[in-house]
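Chemist: With the hints as extra help, turn the sequences into a complete structure.
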Amino acid sequence: MAKKKKGKPVINREWCKGCGICVEFCPEDALALDEMEKSNLAYPDKCNSCGMCELRCPDLAIELR
Amino acid sequence: MAVKDYIRERFFPHLWCPGCGHGIVMGAMIRAIEKLGIQKSDIVVVSGIGCSSRICGYLDFHTLHTLHGRALAFATGLKLSRPELTLLVPMGDGDAFAIGGNHLIHAARRNIDLTAIIMNNNIYGMTGGQSSPSTGYGDLATTAPYGNIDPSFDPVNLVLGAGASFVARTTTYHVTSMINILEKAITHKGFSVVEVLSQCPTYYGRKNRLATAVDMMNFYKNRTTPIGSKDKEKNPDLIERGIFIQEERPEYCAEYAKLIEKARSQ
Ligand code: SF4
Ligand code: SF4
Ligand code: SF4
Chain A
1 MAKKKKGKPV
11 INREWCKGCG
21 ICVEFCPEDA
31 LALDEMEKSN
41 LAYPDKCNSC
51 GMCELRCPDL
61 AIELR
Chain B
1 MAVKDYIRER
11 FFPHLWCPGC
21 GHGIVMGAMI
31 RAIEKLGIQK
41 SDIVVVSGIG
51 CSSRICGYLD
61 FHTLHTLHGR
71 ALAFATGLKL
81 SRPELTLLVP
91 MGDGDAFAIG
101 GNHLIHAARR
111 NIDLTAIIMN
121 NNIYGMTGGQ
131 SSPSTGYGDL
141 ATTAPYGNID
151 PSFDPVNLVL
161 GAGASFVART
171 TTYHVTSMIN
181 ILEKAITHKG
191 FSVVEVLSQC
201 PTYYGRKNRL
211 ATAVDMMNFY
221 KNRTTPIGSK
231 DKEKNPDLIE
241 RGIFIQEERP
251 EYCAEYAKLI
261 EKARSQ
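Protein chains in written order, with the working numbering: chain A, 1 to 65; chain B, 1 to 266.
If you're looking for bench data, these hints aren't it; they were derived computationally from the structure. Hints may be right or wrong, so weigh each one.
As the list claims (entries may be wrong) - With a straight-line Cα cutoff of 27 Å, these simulated DSSO-like cross-link-like pairs (lysine-lysine) come out:
1. A:6 <-> B:35
2. A:8 <-> B:221
3. B:35 <-> A:8
4. B:234 <-> B:221
Modeler: Written out as structure tokens, the structure reads:
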């Protein structure tokens, strides 16, 4: 599995293209697309900081910080 | 270093379509290199032509954007003259198996120390969705509107047969294992081939009822299995992923150096 990284996903809205990959494959369902079709950490309490969203984002738009 | 230290930020957001798998492969390449701790200035990325080859523009290493299908030929020349450099050769399936098929099998035969990363999306994306040598039988493409009748290559068997000493397959869904495999492939002394099943939602997906990148990654999740798994016995249609071969064999640049030594001593 992904090495545990501290922090929560921070999304670069300029680079996000709204593909929904991070949302679909987040093991904790912590992410959602907002009304602008940009990814957003809708449920921060659910996030376990696994980092999979960061690794799977094709646009390098997510960074755990 | 952070991911951003390895890219040319001025070209971002990149030009790949939303959900294109190539960005995931690029991210995995960066993370593998970061983990291996290789200096940026010791890495050369050589690409051909196609959506996949854009990687070369985005990565902040030494980069060579060459001719369609010819990336391995350029990389071979470079490696022979500067064997101390680490060479990564990202290619698409059209690039690697069609016009570049000959370079692929001969690089494998020579066992030259390069890492070929073949992003297989089963289609020509950049030019508008033509069928490639890895388009499946019955699949739809711009050039196969009633279904493709050409049997496809099995890339893994192709390069195994040609003599590659490291051969692996992974997918954009299995990104942690992709990073792991890339690390091993890059470290391997010899010709390494990593086939990555990478989605092209725009052309392959739209034409073949896998409408979104998410659908295609779910396909990779559900239709692939680790090499030699029990599931494969039950369901032979599953695609195997993992490392098929990892073997030490005489490497081409080392053999060439010996030859020079021999010629000089006579
Ligand atoms: S994976 Fe990346 S580009 Fe796709 S929706 Fe999430 S943040 Fe946006
Ligand atoms: S770090 Fe893991 S749990 Fe948190 S949002 Fe990303 S994928 Fe979900
Ligand atoms: S056409 Fe296909 S391969 Fe090319 S950028 Fe778009 S999704 Fe990616």
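Chemist: Hint by hint, note whether the structure agrees.
Modeler: Verification of the supplied hints:
1. A:6 <-> B:35: Distance ~17 Å between residue 6 of chain A and residue 35 of chain B Cα, so the pair holds.
2. A:8 <-> B:221: holds (25 Å)
3. B:35 <-> A:8: holds (21 Å)
4. B:234 <-> B:221: holds (17 Å)
The structure is consistent with each of the numbered hints, conforming to all of them.
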